[in-house]
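Letter by letter, the chains look like this.
Number of protein chains: 2
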Amino acid sequence: MEVKLATSYGFCFGVKRAIEIAQKHHNSATMGPLIHNTKEIQRLQKDYNVGLYQNLDEVKKDETVIIRTHGIPKNDLQILKSKDAKVINATCPFVTTPQQIVKKMSSEGYSILIFGDETHPEVKGVKSYAQDDIHVVLEPNELQNISFKYDKIATVAQTTRKKEKYLQIVNELILKNKEVRVFNTICDATFENQDAARELSNEVDIMIVIGGKNSSNTKQLLTIAQENCKDSYLIEDETEIEPNWFLNKKLCGVTAGASTPDWIIQKVVTQIQQY
Amino acid sequence: MEVKLATSYGFCFGVKRAIEIAQKHHNSATMGPLIHNTKEIQRLQKDYNVGLYQNLDEVKKDETVIIRTHGIPKNDLQILKSKDAKVINATCPFVTTPQQIVKKMSSEGYSILIFGDETHPEVKGVKSYAQDDIHVVLEPNELQNISFKYDKIATVAQTTRKKEKYLQIVNELILKNKEVRVFNTICDATFENQDAARELSNEVDIMIVIGGKNSSNTKQLLTIAQENCKDSYLIEDETEIEPNWFLNKKLCGVTAGASTPDWIIQKVVTQIQQY
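Those protein sequences? They're chains L and C, same order as listed.
Residue numbering for the first sequence follows my numbering, starting at 194 and increasing by one per position.
Residue numbering for the second sequence follows my numbering, starting at 194 and increasing by one per position.
Simulated from the structure, these hints should not be mistaken for lab results.
Keep in mind that a hint or two might mislead.
Since the list gives no way to pick out one identical chain from another, each pair is judged satisfied if it fits inside one copy or across any two copies.
[As the list claims (entries may be wrong)] Below, a list of computed lysine to aspartate or glutamate pairs in the DMTMM-like style, where the Cα atoms sit at most 20 Å apart:
id: 1; residue 1: Lys296; residue 2: Glu311
id: 2; residue 1: Lys296; residue 2: Glu372
id: 3; residue 1: Lys345; residue 2: Glu301
id: 4; residue 1: Lys297; residue 2: Asp344
Construct all of the structure, not just a fragment, from the sequences and the given hints.
Here you go:
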């Protein structure tokens, strides 16, 4: 069976970078889960002795602590530094950008609006960089409940949010404020995976989507694949493959959700190639 | 006949202000037409000896020159000052704002986009304040032909443009640029007249709309009035009123286009009240 990978799949740039950083720091620990994938975190623990702290109190003097891809709040970073821990920053550069924008705009007298999920670690981190008036919304109608302190608004978005919704929110802001400074901090990675899955599913006989069965971005990939290729299957790893799927098929497309590590993808591809 | 004026009609704040300035400066001249209304300019000439120059060459030393509501290009202003003319600025403050924004943003390294009509005096003036990369568009699809020099864009709008179209243009910019600094410089005056005409036409027996028969904003007022009140008429002045319009009517609503002076409106109202 011939296998063709989507032109874009699996881990994004920031996740890959964080894992490379962790692998270079044996016997360290991450502050919160490095990425949102339990199997990969277990592998780092087993192969590189990279531990996982949930709480700042667990960090000891002179220890090496890796900041997770989503970043951490500014105060937490200061506490880590005050403990004389060796801090290694694996925050995705696309997340550092909104942190720095919020810090600068806030110091220049702008009210800040973040488009994102207030409970997400990334948003908690970005929000912590404001020194003054800061607000978080997920929906345009939430703006009704906000009274901004200043008439100049600066706005950033959580990196994984949809652009269409961000524009709706920004448009509301523009209609009601004299100056709106819009920073497009949305990362294209998720949408690149979706576009690539759409394209690949058009040219293959069967599509395999690898990822968590309750991962929303993986399920979205399956839905997209099924639109063009009715023989599309979602699996978590190579143990779930059924050989009869491949009967009378010539070309198999493969893609993977944003939380699927390459080593799982590689095992799947090797197995399919044997049919 | 009882007459009720719309809560907002006729000249906007900037036009009223410019006329007051002109009336305080007998024997002066305006640089270009002070406002877009010939009858009113003739009145200023006749009653206040306020002349009209079309060309900078016509201005003589020590003369008093009034800058029109739409503003003039920066270079023209410098030439006027170099002639030792006494310059009186009747530029609408809502037009001075985008001029100053463009000047500041341009000096801070932003590419500038103006949403407006490149041939309109206001836009010519605003545009002249950029020291570098500046572009003007009327439609979102014109953005395709623009390559901005910088990845930071600042944008302003001609004061009389529609907000919906401005948002379309801004949204395109946001999708393609890291930072878009949006200044909402659109003035509500035109839309306030329209909203007030809509409201008033609901409660009267007859509507009189005063303004130029080829003025687009006046024709828009008539269309809005006719939606609620079938007996709506467009007149340029009191000589066009027909008494039989008012037979069996009790309440007459009156509104006026943005280029209609109060003295014409007053003559119309006085005449209607006599029926």
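Hints versus structure:
1. In the homo-oligomer, the alpha carbons of lysine 296 and glutamate 311 lie at most 20 Å apart inside one protomer (17 Å), although the nearest pairing across protomers, at 38 Å, exceeds that limit.
2. In the homo-oligomer, the alpha carbons of lysine 296 and glutamate 372 lie at most 20 Å apart both inside one protomer (18 Å) and across protomers (15 Å), since each shortest distance falls under that limit.
3. In the homo-oligomer, the alpha carbons of lysine 345 and glutamate 301 lie at most 20 Å apart both inside one protomer (10 Å) and across protomers (17 Å), since each shortest distance falls under that limit.
4. Taking identical chains as interchangeable, the C-alpha atoms of lysine 297 and aspartate 344 lie at most 20 Å apart whether they share a chain (17 Å) or sit on different chains (18 Å).
Checked against the numbered hints listed earlier, the structure breaks none of them; every hint is satisfied.
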